[in-house]
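Residue numbers (our numbering), protein chains in the order written: chain R, 1 to 305; chain H, 306 to 581.
There could be a bad hint or two in this list.
Stated by the list, open to error - In silico lysine-lysine, DSSO-like type, Cα no more than 30 angstroms apart, as pairs:
no., chain 1, residue 1, chain 2, residue 2
1, H, Lys-322, R, Lys-130
2, R, Lys-56, R, Lys-216
3, R, Lys-110, R, Lys-23
4, R, Lys-77, R, Lys-110
5, H, Lys-323, R, Lys-77
6, H, Lys-323, R, Lys-130
7, H, Lys-322, R, Lys-137
8, R, Lys-23, H, Lys-323
Bear in mind the hints are in silico, worked out from the structure with no lab data behind them.
No experiment lies behind these values; they were computed from the predicted model shown.
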Amino acid sequence: MNHHAIQTAELRKEFGNKVAVRKLSLTVPRGSIFGFLGPNGAGKSTSIKMLLGLVKPTSGEAFVLGERAGDVAVRRKIGFLPEHFRFYDWLTPAELLRLHGRLCGMAAAKLRERIPVMLDLVGLTPHRDKRVHDFSKGMMQRIGLAQALIHEPEIIFLDEPTSGLDPMGRRLVRDVIRAQRERGATVFLNSHLLSEVEVTCDNVAFLKDGEVVAAKDLHALGGAEVHVVVRARQLSPQVVAGLAPWTTAASVEGEQLTMTARSSDVLPDVVRHLAASGADIYSFIPERASLEDLFVRIMGEDRGL
Amino acid sequence: MGCWVMAGITFREAARKKILWTALLAGLGFLALFGIALHYQIEDFGAHSTAPFIRYQILSAMLMVGLYVVDLLAVVMTILTSVDTISGEISSGTIHAIATKPIPRWQILIGKWIGFVGMIAGFVALTFGGTIAVAYWVGGVMPENAFHGALLVFLECLLALSVTFMFGTWFSTLTNGVIVIGLHGLAFMGGWLEQMSGFTESARLVAVGVVTSLIMPSESIWRRAAFEMQTPLAGSLPFSPFANVSIPSPTMIGYAVFYLLVALAVAVYHFHWRDL
């Protein structure tokens, strides 16, 4: 069995003279929640469409669950929530799920059992008799999520799954995504809400100008450098110089010591060193770089305004 | 399997969006109007003591006009109801959730096509059969080769449907509508030019008509249907709009079938390969 849910090699898509995706080389491990990040126009949606077979690549290769992206056989194992979640809105939510289930080849008996479960999962049971065109944006997103999961796919592509949701809805989506990972499915998440990605994803890739410019294991971010601000008295130059084994930079201004610790693992040693050197510590605040900081650092500041 | 699911959902969409019922209502409205017109005409025959032979010819001509309206109504309904089905779903993005399901794209397109074919068959059966039934019941007239005529009208609708599907895989709904209505208008014009050649005896006018029929053979199918259905006397009148001046040959009908199949094949091919 192939251990990668997704593997692409130098995938490229041109629309006339415009290059939407330049050189996408990506590996997504099975059973993980993968965040696909990038600014507007970076080529995220086109990349997803190539992985789903909606758009034909100009060159390069893409495999999903070990099979060529877009093949009918692999689509049986895929669930997809499109960004604009447009569905046949003249159907009721149960009818919509039945349609998508039947298109996935599900038997009528299985669907009868599964549809109420899915409606319950996304909190739409009280609205089961309404037509979808009477739904709010958030409700549309919920039914979109349900149609993506109706056939228990092995990999789920979610394109901006929380953009129209209230905080409760976001939590629900987060829980649903985690539940998918627990049952062994892979989730490919495209979202602008970096705080959501940060708490949900295992790995992320940053796309810029149609190319992956960085990839991170979010669980390993704890081992990365940590910015620390300390308010203390009795901070002599010798005390600060003594921090060198655990820091890459340290400076004092009045009662404020700022430093960059090599990792969060060394923070107890730093505190012990400061206390042993006679410094009176009033506060010690580690500020780990957020995913947003990382995003801005990788993509550069938006100079649009 | 995917074909039948798509055919069913297409049929259901038309019913749910009231397209089907509106079309049927329009058809029933036409039948009522046609019946009333025939009834008044027959009453006027009594007042003027018209000869039975002339009566029959006038009522047969009215029946042909009625069937011509049915043909026009069926083709226009076909184009209007199907013009948005492919292009609209592509431009709105509705197709994304469907085309990522494990069914080949050709099944999506052919399924929708089958759904429309079912609806058109129902519409033609109701309006065409209804017109003949009304004409027989009120006026006691029947067209020649009615079944053959109905099949030809149905074929014309299928042709319009396939061409609408083909352009729908390329263009937006509005552009698609303009192209298909424009093509049908061209065919309509070509047909009348050929009819006019009967008065002017212009071979060049016939040539223009034939070329337009090759570009879009929809109107020539109707002219063949009219030839098959009218009484020999009505057909021989040079000033009748349905005069047998330039009758499309069975080869032209074969060409129309070929045209339809090519349009459908191109639609399937282009829909399969295009980006969504």
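Quiz item: Tell me, which hint numbers fail for this structure?
Solution: Those not satisfied are hints 3, 5 and 8.
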